Amino acid sequence: MEADQQQQQQQQQAMERRVFKPFFCYSCQHTVHIQVPEVEESTYEPQCSECGSSFVEEVPISRLESVEESISPTTGNEWYGSNGNVEVISLGEDGEPIRFSFRLGGDVGNFIGSSTEDSEQVQENETYLTNNRSTGISDFLQSFFVPRGNMTRFQAPPPAPPLPVWRTPQESDSQIGEEITENHEQAQNFTQEEEQRRVRRRRIPPFVAAGPFFLDGNSSDVPGDFSTFMQQILGIYGNPADYVIGEQGFEAILARLMQEDSNRYGNPPASKEIVASLPVVHLSAEEAAHHSECSVCKEAFAENSEVVRLPCKHVFCKDCIYPWLERHNTCPSCRYELPTDDSEYEKRKFSQSSSTHG
Amino acid sequence: MSSLSGLPRRIIKETEKLLQDPVPGISAVPHEDNARYFNVIIQGPDSSPYEGGTFKLELFLPDDYPMAPPKVRFLTKIFHPNIDRLGRICLDILKDKWSPALQIRTVLLSIQALLSAPNPDDPLNNEAADLWKKDERRAIETAREYIRLYASE
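Just so you know, the sequences run in chain order A and B. full-length UniProt numbering applies: residue 1 is where the first sequence begins, and numbers increase by one. full-length UniProt numbering applies: residue 1 is where the second sequence begins, and numbers increase by one.
Just chain A, same shape as in the assembly (with noise of 0.2 Å):
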């Protein structure tokens, strides 16, 4: 009896124990870190963090860790991909994966990864999209919304928590970004189980606030070529095909598309050239003792530290206050604005000290 209650209470405490696991919110287009039960709970359903939303979903854990480890049908969608295959897998909301890949246009090297194991299969389904390369992109980025290649089904193990799927075949036509209640309409002529389906399908938003080289839908309005694209998102200059881009590269690029930029809020950054010219000085045993500590990293200043003085005559660390001052020009203890390089943002102040003053 004892020992029967006693697994009871482990089994209870282990469904109670929580963990971290990262997933990806749809609502606020980045990847958050949701506390979830440790033991799989079917009828749990996380919710972000930061929006509440619970049109989220798990960021494979072994996708970030291991390059080797074979696919997990029970992870969500997995990228892949190598010498310009890049091979999607998805969960169906049946547990099923649902499988598709697609060869890039153009010379993109190795773009991902290389994941040997797959590559048998991704040549069968492979979808050789057009060799222009603009098109190739945007079709590439596109295609982690709407899934435009073959797709095949595979029997997979145990059936996992619904997740957000990727549109079926037969909305692939239909436009990216598109109302959910539109694709209800067309969802009339399907048989019941795909209507349900469809109901509990969400919107997949577009992915407007990634860049301007990214359009919504019309694949054919793209602006810019392929080394802007690099050179915009990768930083790359001259030929992509000189860079060799790991599994790592590829996660960079889809973490800075998918993370909201924090520099979206607040002040402009300070001006390249005033933060140039900023005095870098060495502390007096006296001027240490006065300004104590830098206020950004809390690290206590000593005799002769070497610190950068703004104008408001408040002194930091040079590697606490130059990423500051790159993202926003004021200073971190009074906000002492620094002059920018944004013209428009110049001009508003201006009128704006101009009618306190008059």
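Read the hints as simulated data drawn from the structure, not as lab findings. Treat the numbers as computed from the prediction; the structure is a model and nothing was measured. Any given hint could be a false lead.
What the hints assert, rightly or not - Taking lysine-lysine pairs in the BS3-like style, the calculated list, with each CA pair at most 30 Å apart, reads: (1) B:K95 x B:K71; (2) A:K313 x A:K272; (3) B:K71 x A:K298; (4) A:K21 x B:K13; (5) A:K318 x B:K97; (6) B:K77 x A:K298; (7) A:K272 x B:K97; (8) B:K71 x A:K272; (9) A:K349 x B:K95; (10) A:K21 x B:K77.
Chain A is fixed; fit chain B onto it per the hints.
What follows is chain B alone, placed relative to chain A:
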């Protein structure tokens, strides 16, 4: 405490200080699996509409903290003109007025102050803000009712 390795010194220092010398009425404890995630409890300030309430919040330090502000959210339901249904907080220092000289402690103090001074003129929760402006007495009653339902221990 393997999770502490790779954590910036500033975060370690802040955490130590928060645990050793907590702010009155506020507790912030890092999660054992993730040193950037804090479980926060704020007591409703005395002689405020939230007096007697115990509010749970979560606080997350993003990778670029302190260059970017912490992300904070109420987990306990609260009727407040500047806090929405999802617990998101309308507070300038969490957005455009963030400064890297601010820290977890100052952020939580500001949130505590927001409980003492609801500002219906800068609303995030329109229902609460409207009621606050139209009938403050009833708004405060509603806030108390929420505490009775959700924030009592």
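Hint by hint, work out which the structure violates, then give me just those numbers in ascending order. Of the numbered hints, just 6 does not hold.
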